[in-house]
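Chemist: Between the sequences and the hints, there should be enough to build the whole structure, so can you do that?
Residue numbers (our numbering), protein chains in the order written: chain A, 1 to 114; chain B, 115 to 229.
Derived by calculation from the structure, the hints in this document are not laboratory data.
From the three backbone atoms N, C-alpha and C, an ideal C-beta is built for every residue, glycine too.
Some hints could be false.
List of simulated lysine to aspartate or glutamate pairs, DMTMM-like, C-alpha gap at most 25 Å [said to hold, decoys possible]: (1) K100/A <-> E124/B; (2) K57/A <-> E175/B; (3) K100/A <-> E131/B; (4) K211/B <-> E44/A; (5) K100/A <-> E129/B; (6) K57/A <-> E221/B; (7) K100/A <-> E221/B; (8) K187/B <-> E44/A; (9) K211/B <-> D97/A; (10) K57/A <-> D145/B; (11) K100/A <-> D145/B; (12) K100/A <-> E143/B; (13) K184/B <-> D56/A; (14) K211/B <-> D56/A; (15) K211/B <-> E52/A; (16) K169/B <-> D97/A.
If you want the ones that stay clear, here's a sample from chain A, every Cβ over 10 Å from chain B, calculated [unchecked claim]: (17) D24; (18) E44; (19) S73.
These are the residues of each chain, in order.
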Amino acid sequence: GAGVSQSPRYKVAKRGQDVALRCDPISGHVSLFWYQQALGQGPEFLTYFQNEAQLDKSGLPSDRFFAERPEGSVSTLKIQRTQQEDSAVYLCASRPDGDKNIQYFGAGTRLSVL
Amino acid sequence: AQTVTQSQPEMSVQEAETVTLSCTYDTSESDYYLFWYKQPPSRQMILVIRQEAYKQQNATENRFSVNFQKAAKSFSLKISDSQLGDAAMYFCAYNPKTSGSRLTFGEGTQLTVNP
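Modeler: Written out as structure tokens, the structure is:
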């Protein structure tokens, strides 16, 4: 089956623009995570969904960041009024129910804010 | 708070040789998972190997094995018979067993494989 799919692969935004990043998890995966990866760094947690419920948004850096997963499948990460410091790779991961705790990652969206 | 430290920003190895990547972590939990992920230039994060903390036996996956020292909070990755395709950024990650928990990643080690 298909893996985690993210789009767009690259996004260039002018400072102050709003952007929306999409994540299609593996079919049937209950849990979905968003991470932010700055250049040369490890990914950092942003937010977590279980089905459509956002159970943890403690990693979102500001109220300009908003994520949703309305039907418990596709998720969108929205960044309002983008700033240069938002430039990063945004990774999405999904995880099935079960005890293996393995997260499967997409290839990410590279956001560049000019 | 949990932290993961990878003290080697870069490592290099000759093709067919063995290399060990280091990772230490800090946690007050007694049961958790540890992972090594590989990230090539394509950015796709690929699971290499996984260890459950309550299992004393070190995990192995073909040419990849770990040395898990729970008391020392150390989790190193050994790559045997290195291949050119092993060249990538390697991340160590920690995950407590509670439902929904995030992964906490280290800073990464860039591995170069020389022909």
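Chemist: Tell me, which hint numbers fail for this structure?
Modeler: Hints 1, 2, 3, 5, 13, 18 contradicted; others consistent.
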